[in-house]
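Here the sequence shown stands for residues 1 to 361, where the numbers follow my numbering.
A couple of the hints might just be wrong.
Calculated cross-link-like contacts (lysine to any residue; reagent style SDA-like; alpha-carbon spacing at most 25 Å) [what the hints assert, rightly or not]:
(1) 21 to 62
(2) 220 to 251
(3) 21 to 99
(4) 205 to 142
(5) 35 to 85
(6) 136 to 55
(7) 136 to 251
(8) 251 to 110
(9) 35 to 111
(10) 70 to 108
(11) 251 to 21
Hints in this document: simulated from the structure, not taken from any laboratory.
The structure displayed is predicted, hence computed values, not measured ones.
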Amino acid sequence: MHHVILGAGPAGVIAAETLRKHAPGDTITMVGDEKEPPYSRMAIPYLLIGNVGEHGTYLRKSLTHFDDLKVDMVHGQAVGVDAKARTVTLDNGKVLNFDRLLIATGSRPASPPIPGMDLPGIHPCWTMDDARAIMKLATQGARVLQMGAGFIGCIIMEALANRGVQLSVVEMGDRMVPRMMGPMAGSMIKAWCERKGVAVHTGAKVVEIGRDATDVMKVKLSTGAVIEADLVISATGVKPNIGFLQDSGVKCLVGVLTDEHLRTSAPDVYAAGDCAEAFDKVSGKTIVSAIQPNAADQARVAALNMVGQTAELRGVTQINVLDTLGLISASFGNWEGVPGGQHVELTDADGWRHLSLQFGD
């Protein structure tokens, strides 16, 4: 039996380990599109701060881990899948045949259509190469503008602040972390960040980026303000990395649609992690919940089913815990509430404490 795993992130790694544990004689191929050993993107901020080196971001500390497991590591990017023919085509022209396929390609940064986004000095914070480029430019006192103050953006923001840069953050929503917190909590996080020296612009968008005669970047906002920057970081969200599945025979909505066994619409094709769309028991809908605990659970369930066992996903969960410059916040489940439901809010603004409880009808 030949198992092919597309993606070398947390979901891919855990799936490979689970497959090897339960199918010691099967062939396992894991495809990754970066030259580094599998690493955690969530560890990149700690690399920027200097708490860990590059080796500290690796998902497994032994450099022979996958060789020891007899997992064939292939460098490449999937550009096509033919579910009926059971083949995967890579960007280098190589074609892989599979008996079971796991799609664990994760997310990719969403790049806003802004004039000037292709200028030097503008980076997402997603790959190890991005981190290296950012560390060169985000030096003490450098002027840094970050687009986006969502969950990922706030994690990056903390790392940048710890590097001693002059930081401006632009968020198009009316508050920080608008997909995690309500108006009161989001406004409190903004006030906390401003107190810590970060210039926060909510309700604003970057509309253009250019360079003047002295090669200084000028970032124009929808408010009319113009901010000078040595580095611009795009943290405007992510999307499931599933473009290569067009015409594959695998059904996709926002992500790759899966059932409770992480099976897709195509026989012997599974999906897990940030690219998978699975059932959320709280909302009663299928959602993409791009957090590592869900990726790990989905990977284990998918792998067990790939080797012929019967395992069911208990459902994905919306959980976010955030440390924003020392202010801890968390949201669980349907934090926005439901129509006809009830809610209770308690706020101690001076003590930086806020509690919001949502109840169904």
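Results for each hint:
1. For the hint pairing residue 21 with residue 62, the CA-to-CA distance comes to about 18 Å; that is within 25 Å, so the pair holds.
2. The hinted pair formed by residue 220 and residue 251 fails the criterion: a straight-line CA distance of about 40 Å is larger than 25 Å.
3. Restraint check: the Cα-Cα separation between residue 21 and residue 99 comes to about 18 Å, which is no more than 25 Å; the hinted pair holds.
4. Of the supplied pair hints, the one linking residue 205 and residue 142 holds, its CA atoms being roughly 22 Å apart against a limit of 25 Å.
5. About 29 Å separates the Cα atoms of residue 35 and residue 85, which puts this hinted pair outside 25 Å; it is violated.
6. For the hint pairing residue 136 with residue 55, the CA-to-CA distance comes to about 18 Å; that is within 25 Å, so the pair holds.
7. Restraint check for residue 136 and residue 251: the C-alpha separation of about 42 Å exceeds 25 Å, so the hint is violated.
8. The hinted pair formed by residue 251 and residue 110 meets the criterion: a straight-line CA distance of about 21 Å does not exceed 25 Å.
9. Between residue 35 and residue 111 the alpha-carbon distance is near 23 Å, which keeps this suggested pair within the 25 Å criterion.
10. A distance of roughly 28 Å separates the Cα atoms of residue 70 and residue 108; the hinted pair therefore is violated under the 25 Å criterion.
11. A hinted pair counts as satisfied when its Cα atoms are at most 25 Å apart, and residue 251 with residue 21 does not qualify at roughly 29 Å.
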